[in-house]
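Sequences listed follow chains C and X, in order.
The first sequence lines up with residues 4 to 86 when you count with this note's numbering.
The second sequence lines up with residues 2 to 296 when you count with this note's numbering.
Simulated from the structure, these hints should not be mistaken for lab results.
Heads up, the beta-carbon is just placed ideally off N, CA and C, and yes, glycines get one too.
Treat the hints with care, as some may be off.
To be verified - Simulated crosslink set (BS3-like; lysine-lysine; CA at most 30 Å straight-line):
{"hint": "1", "chain 1": "C", "residue 1": "K14", "chain 2": "X", "residue 2": "K16"}
{"hint": "2", "chain 1": "X", "residue 1": "K105", "chain 2": "X", "residue 2": "K129"}
{"hint": "3", "chain 1": "X", "residue 1": "K26", "chain 2": "X", "residue 2": "K146"}
{"hint": "4", "chain 1": "X", "residue 1": "K261", "chain 2": "X", "residue 2": "K105"}
{"hint": "5", "chain 1": "X", "residue 1": "K32", "chain 2": "X", "residue 2": "K6"}
{"hint": "6", "chain 1": "X", "residue 1": "K147", "chain 2": "C", "residue 2": "K14"}
{"hint": "7", "chain 1": "X", "residue 1": "K147", "chain 2": "X", "residue 2": "K117"}
{"hint": "8", "chain 1": "X", "residue 1": "K268", "chain 2": "X", "residue 2": "K23"}
{"hint": "9", "chain 1": "X", "residue 1": "K20", "chain 2": "X", "residue 2": "K9"}
{"hint": "10", "chain 1": "C", "residue 1": "K14", "chain 2": "X", "residue 2": "K261"}
{"hint": "11", "chain 1": "X", "residue 1": "K123", "chain 2": "C", "residue 2": "K14"}
{"hint": "12", "chain 1": "X", "residue 1": "K32", "chain 2": "X", "residue 2": "K20"}
{"hint": "13", "chain 1": "X", "residue 1": "K16", "chain 2": "X", "residue 2": "K268"}
{"hint": "14", "chain 1": "X", "residue 1": "K26", "chain 2": "X", "residue 2": "K114"}
{"hint": "15", "chain 1": "X", "residue 1": "K268", "chain 2": "C", "residue 2": "K14"}
{"hint": "16", "chain 1": "X", "residue 1": "K147", "chain 2": "X", "residue 2": "K129"}
{"hint": "17", "chain 1": "C", "residue 1": "K14", "chain 2": "C", "residue 2": "K67"}
{"hint": "18", "chain 1": "X", "residue 1": "K261", "chain 2": "X", "residue 2": "K123"}
{"hint": "19", "chain 1": "X", "residue 1": "K146", "chain 2": "C", "residue 2": "K67"}
{"hint": "20", "chain 1": "X", "residue 1": "K261", "chain 2": "X", "residue 2": "K32"}
{"hint": "21", "chain 1": "X", "residue 1": "K147", "chain 2": "C", "residue 2": "K67"}
Claimed, not checked - Just some of the chain C residues that point at chain X, by a computed CB distance under 8 Å:
{"hint": "22", "residue": "K14"}
{"hint": "23", "residue": "G28"}
{"hint": "24", "residue": "T60"}
{"hint": "25", "residue": "E72"}
Now for the letters of each chain:
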Amino acid sequence: MLHFELVTPEKLLRSEEVHMVVVPGTEGDFGVLEGHAPFMSTVRDGIISIYRSQGGTPETVAIKSGFAEVNAKGLTILAEHAG
Amino acid sequence: MASLKALKIRIGSVKSTQKITKAMKMVAAAKLRRAQEAAQNGRPYAERLEQVMASLAGRISGVGASPLLAGTGKDQVHLIVVATSERGLAGAFNTNIVRAARRKADELTAQGKTVKFYLAGKKGRVLKRFYPTAILADHEMGAIKKLTFDDARVVADDVIARYLNGEFDVAHLFYSRFVSALVQEPTGIQIVPVPLAPKTGANKVESTSGGAVTEYEPDEETILADLLPRNVAIQIFRALLENAASEQGSRMNAMENATKNAGDMIKRLSIQYNRARQAAITTELVEIISGAEAL
């Protein structure tokens, strides 16, 4: 499972294990699964899709002014606004 | 000696003052809890952003970096952002922040630098008296009920715009750090250019990425340029949150003391009142007895 965190300045919104997250990166959408290579990207204002299980329907969260980091610990999205 | 009636009125007035300070103390205590929570909730974002910034800054050479990181190359004009509260009656809370800011300003002036002020919060306006010509801006925050990141962003954007405009070279931020409900510490930090400790921070982050090379999209410098203003905003946001918690803590203490003092005063006045009452009774008795004896 992928450890996924969604953080805004006001709150730690999500910190959970998920299957996959699709993020609207500035240079194109990208999906992050477990074991993704270390990666940093700025994020367009848009919608991230959180897949809890393979083939399931995604949960969507709109974010603004975001930034994504993937490291060995998982995926962290820093967004100024989310929800 | 004051008359009985005057004393009674005085006791009544001190009592109602005590009621007010007691209520204010309880309100401050309730607000403190909320403010503390908000300050805590803001921590994860700031921590993670700091990590990312540190790892990025470690990879970027100083040349060609954003002016927010590299500075203007000068160190002449200093901007002091003073974050204060909107309301008084919080003990020495605002005084302490303003005093710390003034000390810094005097120190800089003694070194031949130019100092300008940016006021965030109404209670910083006392600085206008000391430095009437150095106030760059006076940011009104009275309408804010619950502090959000956007409120800090407004201040940060303004500060950054002025920086890029060449209005100052270095910016400091003065606020009160929340240590505990009893202790608040006036603190000054540098916010522009963004101070980074690249070496230790970068090593720490490198180890979490498991030694693999991190890919950047777009390149490191673009990401950093995007994150730098955000870092300034988050610093200001944190300062404002800590300030809010400190303000309530300080007010709680001040009101607690005021309530205690009012209690002491009521006790003293009551004794005085009772003495005066007894004296009056004694006088009356003496009059009656001597009147009876005369018959």
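So, going through the hints one by one against the coordinates:
{"no.": "1", "hint": "C/K14 to X/K16", "verdict": "violated (42 Å)"}
{"no.": "2", "hint": "X/K105 to X/K129", "verdict": "holds (16 Å)"}
{"no.": "3", "hint": "X/K26 to X/K146", "verdict": "holds (19 Å)"}
{"no.": "4", "hint": "X/K261 to X/K105", "verdict": "violated (35 Å)"}
{"no.": "5", "hint": "X/K32 to X/K6", "verdict": "violated (39 Å)"}
{"no.": "6", "hint": "X/K147 to C/K14", "verdict": "holds (14 Å)"}
{"no.": "7", "hint": "X/K147 to X/K117", "verdict": "holds (28 Å)"}
{"no.": "8", "hint": "X/K268 to X/K23", "verdict": "holds (17 Å)"}
{"no.": "9", "hint": "X/K20 to X/K9", "verdict": "holds (17 Å)"}
{"no.": "10", "hint": "C/K14 to X/K261", "verdict": "violated (38 Å)"}
{"no.": "11", "hint": "X/K123 to C/K14", "verdict": "holds (27 Å)"}
{"no.": "12", "hint": "X/K32 to X/K20", "verdict": "holds (18 Å)"}
{"no.": "13", "hint": "X/K16 to X/K268", "verdict": "holds (11 Å)"}
{"no.": "14", "hint": "X/K26 to X/K114", "verdict": "violated (42 Å)"}
{"no.": "15", "hint": "X/K268 to C/K14", "verdict": "violated (48 Å)"}
{"no.": "16", "hint": "X/K147 to X/K129", "verdict": "holds (27 Å)"}
{"no.": "17", "hint": "C/K14 to C/K67", "verdict": "holds (15 Å)"}
{"no.": "18", "hint": "X/K261 to X/K123", "verdict": "holds (29 Å)"}
{"no.": "19", "hint": "X/K146 to C/K67", "verdict": "holds (23 Å)"}
{"no.": "20", "hint": "X/K261 to X/K32", "verdict": "holds (21 Å)"}
{"no.": "21", "hint": "X/K147 to C/K67", "verdict": "holds (20 Å)"}
{"no.": "22", "hint": "K14", "verdict": "holds (5 Å)"}
{"no.": "23", "hint": "G28", "verdict": "holds (6 Å)"}
{"no.": "24", "hint": "T60", "verdict": "violated (28 Å)"}
{"no.": "25", "hint": "E72", "verdict": "holds (6 Å)"}
Of the numbered hints listed earlier, those contradicted by the structure are 1, 4, 5, 10, 14, 15 and 24.
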